[in-house]
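For the protein sequence lines, the chains are A and B, in the order given.
So the mapping is simple: the working numbering equals the position in the first sequence, first residue as 1, plus 315.
So the mapping is simple: the working numbering equals the position in the second sequence, first residue as 1, plus 3.
The hints are simulated quantities; they were obtained by calculation from the structure and are not laboratory data.
Hints are supplied without guarantee of correctness; some may be wrong.
[Stated by the list, open to error] Now the in silico label distances, taken between C-beta atoms and shown as ranges:
1. A:1060 x B:26: 14 to 24 Å
2. A:1025 x B:122: 52 to 62 Å
3. A:762 x B:19: 55 to 65 Å
[What the hints assert, rightly or not] A short, non-exhaustive set of chain B residues, derived as facing chain A with CB atoms under 7 Å:
4. 56
5. 260
6. 261
[Said to hold, decoys possible] No more than 30 Å apart at the CA atoms, straight line, and that leaves these computed lysine-lysine pairs for DSSO-like:
7. A:902 x A:937
8. A:883 x A:937
9. A:1080 x A:1039
10. A:679 x B:226
11. A:937 x A:577
12. A:743 x B:226
13. A:902 x B:53
14. A:883 x A:923
15. A:731 x B:53
16. A:746 x B:53
17. A:902 x B:226
18. B:53 x A:1080
All values reported here derive from a predicted model rather than from experimental measurement.
Positions of the beta carbon are idealized from the N, C-alpha and C atoms, including for glycine.
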Amino acid sequence: MKVYSIMKTILITLFTVLAFCGLSQEKFTISGHIKDASNGEELIGATVRVKNTSNGVATNVYGFYSITLEKGNYELIYSFIGFADQSISIELNQSIKKDIELGSAAQTLEAIEVSADRKDENVNSTEMSTVDVNIETIKKIPALMGEVDIIRAIQLLPGVQTAGEGSTGFFVRGGGADQNLILLDEATVFNASHLLGFFSVFNQDAIKDAKLYKGGIPARYGGRLSSVLDVRMKDGNAKRLSLSGGIGLISSRLTIEAPIVKDKGSFILSGRRTYADLFLKLSKNEDLRNSQLYFYDFNGKANYNINENNKLYLSGYFGRDILSLAGEFLMGWGNTTLTARWNHLFNDKLFSNLTLISSDFDYKLGVPEGVDAFEWNSSIKNYSLKNDYTYYANTSNTLRFGLQSTFLDFNPADFKPLDNNASFNPLKLPKKFALEHGIYASNEQRFGANLTIDYGLRFSVFQNLGKDTVYNFDQNFDTIPGNSFTAYQKGIYKTSTGLEPRLSVKYSLTDQSSIKASYNRMYQYLHLANNSTSGTPIDIWFPSGQNIAPRWSDQVALGYFRNFLNDKIESSVEVFYKTTENAIDFKDNAQLIFNRLLEGEVRIGEAKAYGAEFFVRKRTGKFTGWISYTLSKTQRRIEQINNNEWYNSNYDKPHNLSIVATYEINKYWNLGATFVYTSGIPLTAPTGKFNYQGQTVPIYSDRNGARIPSYNRADFSVTHDPKKNENRKWKSSWNLSVYNLYNQKNPFSITFNADENTGETTATKTYLFAIIPTITYNFKF
Amino acid sequence: MRFLFACSFILFFSSCREEIDFDLNESNPRIVVDGSITSQNKRHEVRITKSSSYYNQEMSQQISGATVSISDQNNVFTLTEVTPGRYLTDTMAGQIGNTYTLSINYDNQTYTATSTLEPVAPLDSIIAIQLFDTIPIINEVDSSYSLGIAITETPGLGDYYLFKYYINNQLESDTVVEYAFTDDTFIDGIQFDFDPIIPVYQIDHRIVSPGDLITLKVFSISKHYSDYLFTALLQTEFRQGTIFDGPASNIYGNVSNGALGYFYASDVSSASTVIE
Chain A
316 MKVYSIMKTI LITLFTVLAF CGLSQEKFTI SGHIKDASNG EELIGATVRV KNTSNGVATN
376 VYGFYSITLE KGNYELIYSF IGFADQSISI ELNQSIKKDI ELGSAAQTLE AIEVSADRKD
436 ENVNSTEMST VDVNIETIKK IPALMGEVDI IRAIQLLPGV QTAGEGSTGF FVRGGGADQN
496 LILLDEATVF NASHLLGFFS VFNQDAIKDA KLYKGGIPAR YGGRLSSVLD VRMKDGNAKR
556 LSLSGGIGLI SSRLTIEAPI VKDKGSFILS GRRTYADLFL KLSKNEDLRN SQLYFYDFNG
616 KANYNINENN KLYLSGYFGR DILSLAGEFL MGWGNTTLTA RWNHLFNDKL FSNLTLISSD
676 FDYKLGVPEG VDAFEWNSSI KNYSLKNDYT YYANTSNTLR FGLQSTFLDF NPADFKPLDN
736 NASFNPLKLP KKFALEHGIY ASNEQRFGAN LTIDYGLRFS VFQNLGKDTV YNFDQNFDTI
796 PGNSFTAYQK GIYKTSTGLE PRLSVKYSLT DQSSIKASYN RMYQYLHLAN NSTSGTPIDI
856 WFPSGQNIAP RWSDQVALGY FRNFLNDKIE SSVEVFYKTT ENAIDFKDNA QLIFNRLLEG
916 EVRIGEAKAY GAEFFVRKRT GKFTGWISYT LSKTQRRIEQ INNNEWYNSN YDKPHNLSIV
976 ATYEINKYWN LGATFVYTSG IPLTAPTGKF NYQGQTVPIY SDRNGARIPS YNRADFSVTH
1036 DPKKNENRKW KSSWNLSVYN LYNQKNPFSI TFNADENTGE TTATKTYLFA IIPTITYNFK
1096 F
Chain B
4 MRFLFACSFI LFFSSCREEI DFDLNESNPR IVVDGSITSQ NKRHEVRITK SSSYYNQEMS
64 QQISGATVSI SDQNNVFTLT EVTPGRYLTD TMAGQIGNTY TLSINYDNQT YTATSTLEPV
124 APLDSIIAIQ LFDTIPIINE VDSSYSLGIA ITETPGLGDY YLFKYYINNQ LESDTVVEYA
184 FTDDTFIDGI QFDFDPIIPV YQIDHRIVSP GDLITLKVFS ISKHYSDYLF TALLQTEFRQ
244 GTIFDGPASN IYGNVSNGAL GYFYASDVSS ASTVIE
């Protein structure tokens, strides 16, 4: 079979390259882990550089590094943003293990030497179109209702658009919300929203690091067209028991971390719950007392070092939103993820990780009592096995390869009456099953001091599994009479494949500037039906198959990276162009819920997005922050929509400016401020109206042809760490955040409605948030 | 405390709305058709009006002087304009299984629409029962009459129903927003009786008095017309600027040549009851 012959070719090529790399002589390897000295957390992306050369390497997501050098004497410099550099001298005549613990810059203030070495990842790494989000940075930014949120911080970066005021839905370089691969410790998070999108599922206390790939996406990721948000949970304090938490206006959080065996293993448990609805219990009104609206989530993780070559991790997330109106209507939704990992070092150059993942998203609606009682369930589940390898061949070659297989289980809708006397029937849409596989290999290769190329290939396979019922449609998207469906028996009944080349090139112009270019092709086999503008939980995921072809996209990006003032200021300019084939949209007035003919509502076409992104950031010092500006355009052309003409995507916002600034006045007082300006979202505006049986109905011409007024907002925050913190273990701080400081009534939407009685037609703007001040108390022990 | 709870609820459930000035482009006026033919023996009506610019606050303009006819396989029924924009057939009844074509000639343009008259499940009887209800949250007691039906839904998926009710033979549910209509996805083949009562309509106690005659009519409609009525609401009443709104779009009728509106043929069954 074609699929397997391609896999075989990739594997053979890989092992030939590996064998070749192993031929080097009189070279030795220094490897180990880089950790935070205060709590033993492994540092992701910390660097090791060989002084006076251009050789260097960064730690992987497990804090592991490996660098191979010729026999000789070296000085190695270990560094990480926010931490003091550490340098060691070594005489290299055998391979050695070197675990390093870095102290934070603040803790070892006196010890900091002003290093002449560069903090030049911005310029020097081959990665482009990526954004690293450090949780400590985000905590200084003003937060909506005091809830510090990773996704809300990402929305302040170039190339990322929000779904709407306050929403944690996001769109990357013109890609839809379902084109983001959101990973929490490698498990797919299908819906990252709480409370209808106003909060994300990522609890600030449990998250270590997040990285967003907008372009130049490495071969090890696949399955979504536009971006990867790779979120990593904290490992837990390996040094001592610690407690932290916060009490805010709408939620509270508590986290406990402790060693299992000191410096060998640790765990973290973190929970939070909103309690807006607890106040309802105080109401005199019985219906309100019986109403609920809240979410809670738990993160848990444990790790254990069996020996220096083997380490185990177990992590999970469980979160749920509950909405109940007077006990008469219930709705609940949430994600569950579970990840088990085994890090294994075959030798000091070959790092491997084996991962078992399960993840699911489900929602439930229902009326619990009476003759109308019903329950409606829907879910998507996946189970995945993943095996990744990194081979640190020598200072010029780092190979990555691996494979992943996933079993997917879709339950689009299962509707059941609960009363025996019910006057309606159950409805269960057929479940769908599929397998998704990926195999990849890539090599990051250095050619001399200035040129580095990371080239890779991913091969993806998608297989639909029976039993299944597939409806047959004609050109008008109606079912074919007499042949309306095909029933498939158990087993694979359709296989789709995709070859996905990936390439990133970096060329250093000077020590402080470089040019980077990248190309990636991505395939996506899952599609999301959700017609609302932002994070409502009624998501219906459906697979590619007989009716819907896989989508794929090609993206090229070119960037210029320049650091100033001894790397204190980083800047970059990137341009990108992205096209998508088999892009989907839904026909006008599509019916997505309870529709067994859902695939007949889908329309296929193409999409394109292009733009320029400008970014200036200062990461160190008392005054930090960034300015991000994106100029972009995103459009689609879909069969039967907008007369087959190009139209703006729903989230096309040509101008997007964010300014973020934090200032440390002294040890006790910190200020944070943000300002956001964006173009208004596209709007389909009426060009006329008519009356049909008492209903005044608008007439539209161009889809998304108009635009709502532009958006602007400023937020402000003050954080106070009282002086008494210094002499005790219990450290507390107060945070005051003000969202929408100057009370701008930004339009969330504009609707055109007729007055019921007079028939008078007007335009109405809806805005969600006026000024919102919040106070939060945080503690750490 | 009460203030806090109020704040949090307001935050999530309501948002603020205000009227704004928003400039709009204008399109050329189009003709709008509202017509039907049923199995009842009566004069069937077609109304023709004109669309207007969005902010125009005048009533729809009637279209006079059009040539209007309805035909089936064998006959052509010509309609006469009785008042401006209102065209009527002679007294006649549509036949089950026939396909009817509406044809309009106006201003050198021809507009046509076709619809097939499908049978409807017969309505056995109806019942009107007074109910007292407490409105949640505000705790007000209100009463209304629930209009229950006895009917056996035709087995097999793909039936669509439109219900209208009359008080003393006067049509009461006369606008799209008041119509009750449904498909049989959840009720296929179910035999409805009055246990339990499934209210098709809730009639406000203020508009009826004991002794009033309540009539319910059920019309067989096509999937397409059912979608038309639903999307007419989806694009108006259901679009309130919240995060739940779907995309704005046109609604698509069955009249050709760029005309708006709908022409449908339907079977009708009716039953009556008296308010006690």
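Checked hints:
In this structure the hint that residue 1060 of chain A and residue 26 of chain B lie 14 to 24 Å apart at CB holds, the actual value being about 19 Å. Restraint check, residue 1025 of chain A to residue 122 of chain B: a C-beta distance of roughly 56 Å satisfies the suggested window 52 to 62 Å. Taking the beta carbon of each, residue 762 of chain A and residue 19 of chain B are about 59 Å apart, inside 55 to 65 Å as hinted. Nearest Cβ of chain A to the Cβ of residue 56 of chain B: about 6 Å, under the 7 Å cut. The hint holds.
For residue 260 of chain B, the interface hint is violated, the least distance from its beta-carbon to any beta-carbon of chain A being 15 Å, above 7 Å. Annotation: residue 261 of chain B was flagged as interfacial toward chain A, and the flag is violated, the nearest CB pair being 11 Å apart, outside 7 Å. With a C-alpha separation of about 53 Å, the suggested pair residue 902 of chain A and residue 937 of chain A falls outside the 30 Å cut-off, and the hint is violated. Of the pairs offered as hints, the one joining residue 883 of chain A and residue 937 of chain A holds, with about 12 Å between alpha carbons and a cut-off of 30 Å not exceeded.
Between the alpha carbons of residue 1080 of chain A and residue 1039 of chain A the distance comes to roughly 49 Å, so the proposed pair goes past 30 Å and is violated. Our distance criterion of 30 Å between C-alpha atoms is met by residue 679 of chain A and residue 226 of chain B, whose separation comes to about 28 Å. Restraint check for residue 937 of chain A and residue 577 of chain A: the C-alpha separation of about 34 Å exceeds 30 Å, so the hint is violated. Straight-line distance between C-alpha atoms of residue 743 of chain A and residue 226 of chain B comes to about 21 Å, which keeps the hinted pair within the 30 Å bound.
Under the criterion of a C-alpha separation no larger than 30 Å, the hint pairing residue 902 of chain A with residue 53 of chain B is consistent with the structure, at around 27 Å. Distance hint between residue 883 of chain A and residue 923 of chain A is unfulfilled; the C-alpha atoms sit about 36 Å from each other, more than 30 Å. A distance of roughly 46 Å separates the Cα atoms of residue 731 of chain A and residue 53 of chain B; the hinted pair therefore is violated under the 30 Å criterion. For the given pair, residue 746 of chain A sits about 47 Å from residue 53 of chain B by alpha-carbon distance, which is inconsistent with the 30 Å threshold.
Of the supplied pair hints, the one linking residue 902 of chain A and residue 226 of chain B holds, its CA atoms being roughly 16 Å apart against a limit of 30 Å. With a C-alpha separation of about 28 Å, the suggested pairing of residue 53 of chain B with residue 1080 of chain A holds against the 30 Å cut-off.
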